[in-house]
Amino acid sequence: MHQETSPEPKHPPTLRKCVALLRSFPSFSALKRIHAHSLRTGVPISHPHFAKHLIFTLISFLPSLPTMPYALSIFSQIHSPDVFTFNTIIRGFSQSPNPSPALSIHRRMLASSTPADTHTYPFLLKACAKLMALREGEKLHCRSFKDGFESSVFVQNTLVHFYAACGLFENAHHVFERMPERNLVTWNSVINGFALNGRPNEALTLFREMMFEDECVEPDGFTMVSLLTACAELGALALGRRVHVFLFKKGLDFNAHVENSLIDLYAKCGRIDDAYKVFVDMCESRNVVSWTSLIVGLAMNGFGNEALEFFAVMEQERLVPTEITMVGVLYACSHCGLVDDGYRYFNRLQQQYNIVPKIEHYGCMVDLLGRAGLVEEAHNYIITMPMAPNAVVWRTLLGACAMHKTLALGEVAWAKLSELDPGHSGDYVLLSNLYASVGRWADVHKLRRNMLKSGVRKKPGHSLVELGNRVYEFVMGDISHPQSDSIYEMLEEIAVKLRLQGYIPRTTNVLADIEEEEKENALNYHSERLAIAFALMNTSPGMPIRIVKNLRVCADCHLVTKLISKIYDREITVRDRSRFHHFRDGSCSCKDYW
DNA sequence: TTAGGGTTAG
-14 MHQETSPEPK
-4 HPPTLRKCVA
6 LLRSFPSFSA
16 LKRIHAHSLR
26 TGVPISHPHF
36 AKHLIFTLIS
46 FLPSLPTMPY
56 ALSIFSQIHS
66 PDVFTFNTII
76 RGFSQSPNPS
86 PALSIHRRML
96 ASSTPADTHT
106 YPFLLKACAK
116 LMALREGEKL
126 HCRSFKDGFE
136 SSVFVQNTLV
146 HFYAACGLFE
156 NAHHVFERMP
166 ERNLVTWNSV
176 INGFALNGRP
186 NEALTLFREM
196 MFEDECVEPD
206 GFTMVSLLTA
216 CAELGALALG
226 RRVHVFLFKK
236 GLDFNAHVEN
246 SLIDLYAKCG
256 RIDDAYKVFV
266 DMCESRNVVS
276 WTSLIVGLAM
286 NGFGNEALEF
296 FAVMEQERLV
306 PTEITMVGVL
316 YACSHCGLVD
326 DGYRYFNRLQ
336 QQYNIVPKIE
346 HYGCMVDLLG
356 RAGLVEEAHN
366 YIITMPMAPN
376 AVVWRTLLGA
386 CAMHKTLALG
396 EVAWAKLSEL
406 DPGHSGDYVL
416 LSNLYASVGR
426 WADVHKLRRN
436 MLKSGVRKKP
446 GHSLVELGNR
456 VYEFVMGDIS
466 HPQSDSIYEM
476 LEEIAVKLRL
486 QGYIPRTTNV
496 LADIEEEEKE
506 NALNYHSERL
516 AIAFALMNTS
526 PGMPIRIVKN
536 LRVCADCHLV
546 TKLISKIYDR
556 EITVRDRSRF
566 HHFRDGSCSC
576 KDYW
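The numbering of the first sequence is the working numbering, which starts it at -14 and goes up by one.
What follows is a list of derived Cβ distance ranges for each label pair:
| hint | residue 1 | residue 2 | range |
| --- | --- | --- | --- |
| 1 | Ile464 | Ser410 | 19 to 27 Å |
| 2 | Glu194 | Arg92 | 38 to 46 Å |
| 3 | Val230 | Pro371 | 47 to 55 Å |
| 4 | Tyr473 | Arg562 | 21 to 29 Å |
| 5 | His159 | Thr307 | 34 to 42 Å |
| 6 | Leu359 | Val68 | 53 to 61 Å |
| 7 | Arg193 | Gly358 | 46 to 54 Å |
| 8 | Phe239 | Ser525 | 33 to 41 Å |
| 9 | Arg93 | Leu50 | 18 to 26 Å |
| 10 | Glu203 | Ser65 | 43 to 51 Å |
Source of the hints: derived by calculation from the structure; they are not laboratory data.
Source: prediction; values computed, not measured.
We treat Cβ as the ideally placed atom computed from N, Cα and C, and that holds for glycine.
Start from the sequences and build out the full structure, keeping to the hints where you can.
Laid out in structure tokens, this is it:
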């Protein structure tokens, strides 16, 4: 390969010393000294004898400075960078918030016929994983094989991570299965791949496999975080507690990531007291993620005011909130109907914390206004937003319109959604509920026909309930469970008791009829009712019941669950797609406002 | 003188 043959610089050793100094005391002033020295001696900063050291030092030791544009400007002046220099600059970008230049630098590397080494592909695949650049990553997958890296455990591990990050956990698993050699990182990558892609049961199964089949690996903090994420997703409290005991025994509890995951686990299982206990025990290791997890957990569980109080304490402790913390704070305002507070926090987001509000923050404001019944104001907010509103924002407005029976604006939102995200079944459900709530039955039926004609199918609802060491899943009209007959008998018994309490079904959620027609028989029970019946049958009287649902609770099920909590004297917690409902003695913690 | 995996929202 052609090597640069520029003359030896006048004082490279002194400049090298400067770079060494920069490494020991990373600072702007050290960087300035290098520049001053370069100007004084006439040796360009990009001279190959030290440019690569400078780039390496910048990327490794000064990540908080606006390093990458500067490193890139030096890099682009190097005539023939070697593989180490290419790797370094690619690494820098793969670690930065915007890794896409890593891929263009790789193209330059290919054009210059510099062969990749075992370090190059992991950096590049990490960049692709961050960007979710599937096609680029797949090309790298092929290229890495051609270059003879199919047995490199580093490259293969990053491939597992890459496919999982792109949502293709099956591809990730395929790479994993073909690996001749695996280590802890391999297992963690594949377990996390399943945990992140809504397959928590598979994640837990793989963990068992790892423990039984691979004697060479011992789980670490990364493994625990993945398992806790999976348990939190499932709402599997008992299983999560077992993981907690396990990691405590293994001494993995002094790890901020693990402890933060524990806060999230307990909050997502509706056990905010336990979440708080972990938070209190953290002391030294507590960070902004811990606070954010607790604030979000409190808000989700219906303790909006407490969430805001904790936010105030966090500020007193001079911790700087992140944009996610602020989503949690706005979410808390929204679920408590605190409109003025919401506006105040939104303003402070920019003024005090210098956070550029993202579409999620604007979405929270639309939700806040919409929930509070200020639907017109919510619409004005959307049309004056500084960025183009996305489908989520319009959907939020449609939801608010359905809640407050505001037909005209609901149809405006629907029109936007038909352009931005046509065929989204949840939007049909919302619009249908809206039509039904104002008695426009002809429109309900027309919408249903359109939905069937265009092949849009309602997303199947499912509910999870944990019993013993297992998590049981129920879908609507489920007859697959071994106890199915008794479950339906139990539902009959419940129906009789409900009627005695004066229950009249709320039929506004008429899209449920679609399933009724499809099923031919009357097994149109919503999944949470099957789960509740199953739990009532299999747990001792007085024991609390916890259900996790993938969709929102419908008005009828909400009413039924309230009544069941009274009739059977049970505390029932339902985590739906966006929040918790704690039912007790005939009422719900959401105060019927969800 | 370089390599791979983690937590919070939607």
